[in-house]
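Heads up: the protein sequence lines correspond to chains G and A, in order.
Going by full-length UniProt numbering, the residue at position 202 of the first sequence is 202; the numbering climbs one at a time, nothing skipped.
Going by full-length UniProt numbering, the residue at position 62 of the second sequence is 62; the numbering climbs one at a time, nothing skipped.
Hints are computed from structural coordinates only; laboratory data are not their basis.
Values in this document were obtained by computation on a predicted structure and should not be read as measured data.
A portion of the hints provided could be inaccurate.
[Stated by the list, open to error] Here are the simulated DSSO-like cross-link-like pairs (lysine-lysine), alpha carbons at most 30 Å apart as the crow flies: (1) A:LYS307 with A:LYS244; (2) G:LYS263 with A:LYS114; (3) A:LYS158 with G:LYS258; (4) A:LYS307 with G:LYS258; (5) A:LYS12 with G:LYS263; (6) G:LYS263 with A:LYS158; (7) A:LYS111 with G:LYS262; (8) G:LYS262 with A:LYS115; (9) A:LYS115 with A:LYS76.
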Amino acid sequence: MNTTISPLKIILFLLGFVIIGLPFIALLLSSLAAGWRWPDLIPASFSFRAWDYILFGSARTWQSIGTSLLIALIVTIVNVVLAVPAANALVRFQFRGKWLAEAILFAPIIIPPFVAVMGIHLTFLRFGLTETILGVVLAHLSPTLPYMVRAVVISYSTLSTERENQARMLGAGPLLRFYYIVLPHLLPGIAAGASLSILISLSQYLITFIIGSGQVVTLPILLFPFISGGDPAIGSAYSLMFAGMAILALLSLDVALKNYYKKKGVRSNGEGGE
Amino acid sequence: MASLHINQIEKKFAPSKTGQQAPFALGPIDLTIREGEFFSLLGPSGCGKTTLLKLVAGLTEADAGNILFGDNDLTKVAPEARRFSMIFQQPLLFPHMTIEENAAFGLKMQKIGKKERLLEARRMLAMTGLSGFEHRYPDELSGGQQQRVALARALVAKPRLLLMDEPFSALDPGLREEMRELLGTIQHELGVTVLFVTHDRQEAFELSDRIGIMGGGRLLQVGTPVDLYERPESTTVASFLGLKNIVEGTVHSRNFESHDGQISINTGQELADGRYCLIFRPETLMPATFGNQATVPSVQFTGKVSKLKFNQGTYVALVQAGDEMLECMVTRDQAENMEVGQLIKIFVKQSDLQFVEY
């Protein structure tokens, strides 16, 4: 192994630090500042006021994290259930109007969510779905489903029907075939789609705000008023909380996947992971 | 256990929209495969042999006719419920399972306990010479080893019928021979009924109890390897079996005469007058260079040696008789006494003459 550190590596590390690390340091400083005025490079005085408030002062923090994670989890599960059959149909069957089905499925990536949400809001008002978690979950499906479908479609297109036929000739019915042959093959794709689905759902502000009407409080709903002028210190602390929550959610997905592969005995040779 | 009956099975494929694929019709085909038999379907690519195999497997649905196993009508039974196993051209092992788990998959689907099915799997892996590989993964094995796992996996499930779709065609020649021998031994030992699809004559002749020759979506002739080789019923079958000495001519009052009149011989059998093709197997043509007189009723004609080819242990003499170029298998001694351009007499036993209708 070469132990000398190449200058390129140092430059890349510094670049990464400036782009990714520096904002976090600024956030951390801002959350700990008791007043941070121009032209001070670092705050003149520090206090744990903001952290004290969000961790102990307000019970809503933990509630909102719970709500955020619950919504993201349900959204992701529903996405998997919808995306697997959809991807199967898109990859394996030729049918009339296939392009239309694909266009509708992938439209939310291109069309701004706000446009759709205005219509969804009116409909949900009629069905009494506004201000409910169910309503927010349903509304979150539209921006997340396309990514899940996309990821699973890619997995499906690398799965030959021959392997399923082989399992069939060994006596495996449709459900067993799906469980033993198809699902293990789709899993990396599903994991990739799930990560995106969780992240997008967690970071939704507008959709949650309109459909939830302030009654469904996720972390972004709590965070937004503080950064848009309320209290920058608390806003910064909430932003860090948010980043921590997202990272933890992704890490647990990764751990779950690794455990699955360990149980199945597959070595980490690039089969798994996202 | 019982035999497989294929009755009047038919399948039509419409031409594809892009026009790349011509319309194709299979059958109607009748065939019975006996219990414990090794039966091969032999034919050029595109003759419908794989389609017929898939119909038997149930992976393709027949347009007409039915498939019986013993007294059970399987025509509408799903492939997974037929208790057949199939080996494809590719090993198609399940990449996320160990070799052992792969081999035990069929029994797992039959809900056999883990201990028992792994024991069976190991026994079969040992039979196919794969002891010590049980805990490996498919991608750690070579192509030949993978196909052996596929064979073990198919056999562990104790199939009522083993279907094989050109299973060795993706292997290189040396391995192919090795696998052929292994399959022959194991089939003999287990007594499993096999329906084997191949375009390789040698493979079919070496392994099969009976062979069905297919061409153009039809079953042309069924018989034992010796039967087919010595008594092909048509020129298509003969040429597919590699018999090149096919002479066209007419029979008139028990005398066959080739078109150019160069070969004129007594048929030795009762044949109605008309146009026929005469098929000579290369090893039945005996050059008379040593004055060796035949002891059984023979016929003879004259030809000119136009070429001598050495062919790993045997010589092939190309003899020009009129317009016909005949292949004639000769021994080394005979070949050494021959010269290109020499006129020789050729004897054929009357019983070795095979006439087929033109």
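Comparing the hints with the structure gives:
no.	hint	verdict
1	A:LYS307 with A:LYS244	holds, 16 Å
2	G:LYS263 with A:LYS114	holds, 16 Å
3	A:LYS158 with G:LYS258	violated, 35 Å
4	A:LYS307 with G:LYS258	violated, 70 Å
5	A:LYS12 with G:LYS263	violated, 47 Å
6	G:LYS263 with A:LYS158	holds, 29 Å
7	A:LYS111 with G:LYS262	holds, 24 Å
8	G:LYS262 with A:LYS115	holds, 21 Å
9	A:LYS115 with A:LYS76	violated, 34 Å
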